[in-house]
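If you want the building blocks of each chain, they are given just below.
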Amino acid sequence: MEKNNIIANNSDFLFLYDAAQCNPNGDPDQENKPRMDYDTQTNLVTDTRLKRYIRDYLSLSGKYVFVNMEDDKKVGMDTKMKAVLTQLFNDSNSLDSFFVEDPTMKTKFEEIKSKRKDGEDLVKFFVNKKPESIELNKYLLAQLVKEKFTDIRMFGCAFAVDGFTKPYTGPIQINWGFSLHKVQLMDSSSIVTIMNDDSSTFGKDYRVHYSLLAFNGTINKFAAQCTGLNGTDVETFRDAIWNSVPSLPTRSKLNQYPKLYVEVVYNDGYYNGCLGDLRNYLKVTPNNGLEETQIRKFDDLTLDLSALKSVLAENTGQGKAIKEVVVKSAAGITFSV
Amino acid sequence: MEILQLDVGGKLAHFRKYYANNTAMSFSIPPRTTVMGMLAAILGRERDSYYEELASERIRISVRVMSPVKKTFHRLNFLSVKSKSDFDGSGGRIQTPFEVVSGYDIGKDMVIYRLYISYSENGKATFDELKEKVLQKKQHFALTLGTANFTASLLGVRLFEANQIQETAADELIKIHSAVPSDAVERLDFDRESAEDSLQMVEEELLPADFVKNYDRELKKMNRVLFSTSITGVNVKLNRMYYRLINVDEIQNILFLE
Chain V
1 MEKNNIIANN
11 SDFLFLYDAA
21 QCNPNGDPDQ
31 ENKPRMDYDT
41 QTNLVTDTRL
51 KRYIRDYLSL
61 SGKYVFVNME
71 DDKKVGMDTK
81 MKAVLTQLFN
91 DSNSLDSFFV
101 EDPTMKTKFE
111 EIKSKRKDGE
121 DLVKFFVNKK
131 PESIELNKYL
141 LAQLVKEKFT
151 DIRMFGCAFA
161 VDGFTKPYTG
171 PIQINWGFSL
181 HKVQLMDSSS
191 IVTIMNDDSS
201 TFGKDYRVHY
211 SLLAFNGTIN
221 KFAAQCTGLN
231 GTDVETFRDA
241 IWNSVPSLPT
251 RSKLNQYPKL
261 YVEVVYNDGY
271 YNGCLGDLRN
281 YLKVTPNNGL
291 EETQIRKFDD
301 LTLDLSALKS
311 VLAENTGQGK
321 AIKEVVVKSA
331 AGITFSV
Chain W
1001 MEILQLDVGG
1011 KLAHFRKYYA
1021 NNTAMSFSIP
1031 PRTTVMGMLA
1041 AILGRERDSY
1051 YEELASERIR
1061 ISVRVMSPVK
1071 KTFHRLNFLS
1081 VKSKSDFDGS
1091 GGRIQTPFEV
1101 VSGYDIGKDM
1111 VIYRLYISYS
1121 ENGKATFDEL
1131 KEKVLQKKQH
1141 FALTLGTANF
1151 TASLLGVRLF
1161 EANQIQETAA
1171 DELIKIHSAV
1181 PSDAVERLDF
1191 DRESAEDSLQ
1201 MVEEELLPAD
1211 FVKNYDRELK
1221 KMNRVLFSTS
1231 ITGVNVKLNR
1241 MYYRLINVDE
1251 IQNILFLE
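For the record, the sequence lines run as chains V and W. Numbered per the numbering used here, the first sequence spans residues 1 to 337. Numbered per the numbering used here, the second sequence spans residues 1001 to 1258.
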């Protein structure tokens, strides 16, 4: 079964996307201006912004995402968990596969079920401030994560549901992204909403001219054992990180496209971070005598990947760190090891 | 006696000041408890399971800043959670100031800390296991600087053996490279004019040191600590012995945070 195919290799990855005339990540402290380090004119994007693209994309492609709304409504974690359990208990097929790993749990479950009057009562038995069956609750949560919650297998979650309180550290961790060059903000324009006459509001619309953003992340095989991150999940993640950014183009998130994804899969015996933060091997220089802040499009800059290429080449081969390198690149960028 | 020197670096760091409520402020250096967590990650110990194994009585820890750090605030849009049902967002959002430690230029610089690790008699087994792991670069969980998303890596490892370590008495002002416990300091000499790095700052903080073994992150011990936020160290007169770590390129003077 798929769930037993937990990843067996550590890997580190690098992800680049660019943003033109949009707001990659609003800073609520600065009138929702793009998040910036003003000292150095560096544009910043948090990991949570990137993970929201991925969760929304997973959800759109029919995967079950726990950190999300239920039927387009905001619901509490307790309600969410109740909905998940109700669905599960009504589906005998998936319930059977739930107990494959430990059949004694099934016996316990059946025993409890026979004593409860209906499905709702059964769910209440588990989602309860003082659960009577801590062991079974733990088992159910672990199986839910392994079988249903794709986002939690990837990014973890601090569960705070009655009877199901457990923090999961995600095997996939993404650092904040930053622009590889100095970024200039556009002059803002006022926008107005006129949904109805009584409550129209003015707002400012802040954007960056252009920003080439870089993220570094890790996938840890030991943390994967806890959430059950499997090989298929990693494939899903690679697809999602690449396709999710342009897939939900709201007004402030238009014109954002993936540029490069390089995942370094390590051999057994090699560990996360052994090449350091992969962004240290990148260099961006403006073309045609432009200043960095005058960069307006990808063609205005040169992305130098030679240092990355040589460090990956040096560490690939018999008895060395790298098992394989997974590359996705946009038109106009060629990268291979 | 042996001392392990570990250089850990990343782009960003956040060491939460646990006593701040809404504002997520950060210490400038990882407190002892954070270093315990880093060592536990290398060793592959489970969350919250290592409070006794890595306690001050067993494992000796100190920290040195290896790259000048700056701290900036960013506003994060967190869920406002006053009761459990607010996890859905029905309690609205709250804009939380979040302090981030970085190098001067996030794009080009890194945040690097040098950790010094040693042991008391009953911590030797743990120390030996750690030594084995880091010398072969076999850390278990991924290293991070404070929060799980601020990924970090082990940049360098050096082992000082007994003949490279001198326990020395200090009668005069001496440059200490690591952070020092405040109560070891008789006098601090800070002359900005003569400092090699005019941007250097000396900070004093009350840092968490040990947890009670109840899996609840309840503090058992705090250390008042003095340190420089740049690589240069602090010029101090001490009331106790310090350690000189000797290798060809540098002599480092350190004290453990205890």
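Hint data in this document are derived by calculation from the structure and do not stem from the laboratory. Check before you lean on any hint, since a few could be wrong.
As the list claims (entries may be wrong) - Within a straight-line C-alpha distance of at most 27 Å, the following computed DSSO-like cross-link-like pairs (lysine-lysine) qualify:
| hint | chain 1 | residue 1 | chain 2 | residue 2 |
| --- | --- | --- | --- | --- |
| 1 | V | LYS166 | W | LYS1220 |
| 2 | W | LYS1071 | V | LYS283 |
| 3 | V | LYS166 | V | LYS259 |
| 4 | W | LYS1082 | V | LYS82 |
| 5 | V | LYS320 | W | LYS1071 |
| 6 | V | LYS182 | W | LYS1213 |
| 7 | W | LYS1213 | V | LYS283 |
| 8 | W | LYS1071 | V | LYS33 |
| 9 | V | LYS124 | W | LYS1017 |
| 10 | V | LYS323 | W | LYS1138 |
| 11 | W | LYS1071 | W | LYS1108 |
| 12 | W | LYS1213 | V | LYS166 |
| 13 | V | LYS63 | V | LYS80 |
| 14 | V | LYS33 | V | LYS82 |
| 15 | V | LYS63 | V | LYS182 |
| 16 | V | LYS73 | V | LYS124 |
| 17 | W | LYS1070 | W | LYS1108 |
| 18 | V | LYS138 | V | LYS113 |
| 19 | W | LYS1070 | V | LYS33 |
| 20 | W | LYS1138 | V | LYS309 |
| 21 | V | LYS320 | W | LYS1131 |
| 22 | V | LYS138 | W | LYS1137 |
| 23 | V | LYS33 | W | LYS1108 |
| 24 | V | LYS80 | W | LYS1108 |
| 25 | V | LYS166 | W | LYS1017 |
Unchecked claim - A few chain V residues facing chain W, derived, Cβ under 10 Å:
| hint | residue |
| --- | --- |
| 26 | ASN5 |
| 27 | ASN9 |
| 28 | ASP12 |
| 29 | ALA214 |
| 30 | ASN216 |
| 31 | GLY269 |
| 32 | GLY273 |
Given the structure is predicted, the values throughout are model-derived calculations rather than measurements. Ideal Cβ placement from N, Cα and C applies to all residues, glycine included.
Does the structure keep LYS33/V and LYS82/V at a Cα separation of 27 Å or less?
39 Å, violated
Checking one constraint from the list: CA of LYS33/V to CA of LYS1108/W, max 27 Å. Satisfied?
23 Å, holds
If you draw a straight line from the CA of LYS138/V to the CA of LYS113/V, is it 27 Å or shorter?
Status holds; Cα separation ~17 Å.
Holds or violated: the hint that ASN216/V contacts chain W, with Cβ atoms closer than 10 Å.
Since chain W brings a Cβ to about 6 Å from ASN216/V, closer than 10 Å, the hint holds.
Are LYS320/V and LYS1131/W close enough, with their CA atoms no more than 27 Å apart?
The hint holds at about 22 Å.
Tell me if the straight-line CA distance from LYS80/V to LYS1108/W falls inside 27 Å.
Not satisfied, since the Cα-Cα distance of roughly 43 Å exceeds 27 Å.
Would you mind confirming whether the straight-line C-alpha gap from LYS182/V to LYS1213/W stays at or under 27 Å?
47 Å, violated
Answer holds if the nearest beta-carbon of chain W is closer than 10 Å to that of GLY269/V; otherwise answer violated.
Holds. Min distance 7 Å.
Straight-line Cα separation of LYS63/V and LYS80/V no greater than 27 Å?
With Cα atoms ~15 Å apart, LYS63/V and LYS80/V stay inside 27 Å; holds.
Are the Cα positions of LYS63/V and LYS182/V separated by 27 Å at most?
Distance ~37 Å between LYS63/V and LYS182/V Cα, so the pair is violated.
Tell me if ALA214/V is really an interface residue toward chain W, meaning its C-beta lies closer than 10 Å to one of theirs.
9 Å, holds
May I ask you to test the interface hint for ASN5/V with respect to chain W, counting a Cβ-Cβ separation under 10 Å as satisfied?
21 Å, violated
Against the hints set out earlier in the document, violations occur for numbers 3, 5, 6, 7, 9, 14, 15, 22, 24, 26 and 27.
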